[in-house]
Amino acid sequence: MPDCYTPKNLLLQWHITERCNLRCRHCYQHHYQRNELNFTELLQILEQFKELLSVFSDRAKQTCYGHITVTGGEPFARQDFLELLTVFAAQIDLFSFAILTNGSLIDQNIAKQLYHFAPSFVQVSLEGSPSTHDRIRGQGNFAKTVNAIQLLKQANITTLISFTAHKDNFTEFPYVAQIAKRLKVDKVWADRLIPTGQGAEMQSLDPLETKEFFHLMQQSKPKKWLRWLQPTEISMRRALQFLVDGGQPYYCKAGESLLTVQPNGDLYPCRRMPILLGNLQQETLLSLYDQHPLLNKLRDPEQIQGVCQQCSHAKLCRGGLKCLSYAITGDPFQPDPGCWLHHTIL
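Quick note on numbering: the sequence shown equals residues 175 to 520 in the working numbering.
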């Protein structure tokens with residue numbers, strides 16, 4: 175099928191469970207105990223992912239690189255999670271993998287085991303100062319997260335921090351960046367709150383706050399001549415961040431080189447864009463990728479609407495953060511609600 179879109183790489187964000195020991199205020203989940211696939215069914219999903227990589231490689235006549243970020247809920251809430259990682263580690267020549275976790279269930283023994291699985295990275299979240307973080311994630315969780323970071327670094331595991339910015343915490347990003355540097359975290363990145371699930375009542379950033387937030391991120395970067403002393407990377411490769419940090423515009427990869435599988439096998443373009451495409455127990459990953467109308471539309475660079483059509487960045491930015499547009503307007507192809515250039519164009 176040479177006329178089908180073929181990406182050079184493919185990221186599968188795989189939510190293996192909705193179970194979680196936390197109840198974070200900004201969580202995009204609605205539920206915490208729905209049906210989840212058993213271990214054999216997880217392996218069947220993995221075979222579909224490997225088949226998709228193989229087909230893409232054959233079409234392009236070059237290797238399509240695969241990566242899985244496995245998460246939840248809280249992935250360590252599944253008793254068979256380490257067994258799944260054993261399967262991943264045995265196939266590291268076919269795809270790489272990483273773990274997204276709240277960190278609260280990581281102890282020294284688990285950190286040592288993770289090192290031997292050789293994940294690309296383990297990511298935990300910090301939401302600001304101890305009081306702010308605990309208000310969002312639960313009393314005492316800041317200390318548990320910092321402890322998890324220390325254990326991961328002691329085990330020589332590449333460790334990332336994720337920060338979710340909203341009206342109540344975006345000014346605290348510099349604090350998180352400082353903590354990350356002190357703990358020698360490898361990378362810190364941030365994205366904006368998507369008001370959905372448990373976080374539907376929280377307030378996302380308005381355009382001016384978005385711009386201010388990105389400037390705070392940029393100011394938190396170490397000076398070039400200090401980077402060998404402060405190797406923690408402050409990454410600014412998310413929607414609209416190029417407007418402050420420079421570089422090539424980033425566009426949403428959902429449906430193109432990103433797909434998300436839910437605990438019950440449902441397929442979404444992205445977890446933060448919860449549009450049901452089908453279920454992988456009834457349809458194949460390959461058929462949905464090739465044939466679903468929404469995925470084909472998401473991959474189309476001409477699908478730009480509203481004032482974005484008049485913007486000089488339109489072809490490369492493609493409208494900004496599509497999941498935020500979907501959450502606010504119900505249409506992922508509307509302009510990013512956080513873009514301050516709207517006012518200039520209008």
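The set of hints was computed from the structure by calculation and includes no laboratory data.
A few of these clues could be false.
[As the list claims (entries may be wrong)] Calculated cross-link-like contacts (lysine-lysine; reagent style DSS-like; alpha-carbon spacing at most 25 Å): (1) Lys318 x Lys286; (2) Lys318 x Lys361; (3) Lys427 x Lys361; (4) Lys427 x Lys489; (5) Lys235 x Lys182; (6) Lys341 x Lys385; (7) Lys355 x Lys395; (8) Lys427 x Lys397; (9) Lys385 x Lys395; (10) Lys358 x Lys224; (11) Lys398 x Lys427; (12) Lys398 x Lys355; (13) Lys427 x Lys385; (14) Lys235 x Lys286; (15) Lys398 x Lys327; (16) Lys385 x Lys489; (17) Lys327 x Lys341; (18) Lys427 x Lys182; (19) Lys397 x Lys385.
All of these numbers come straight from a predicted model, not from anything done at the bench.
Structure versus earlier hints - violations, ascending order: Checked against the structure, the hints that fail are numbers 8, 10, 11, 14 and 17, while the rest are satisfied.
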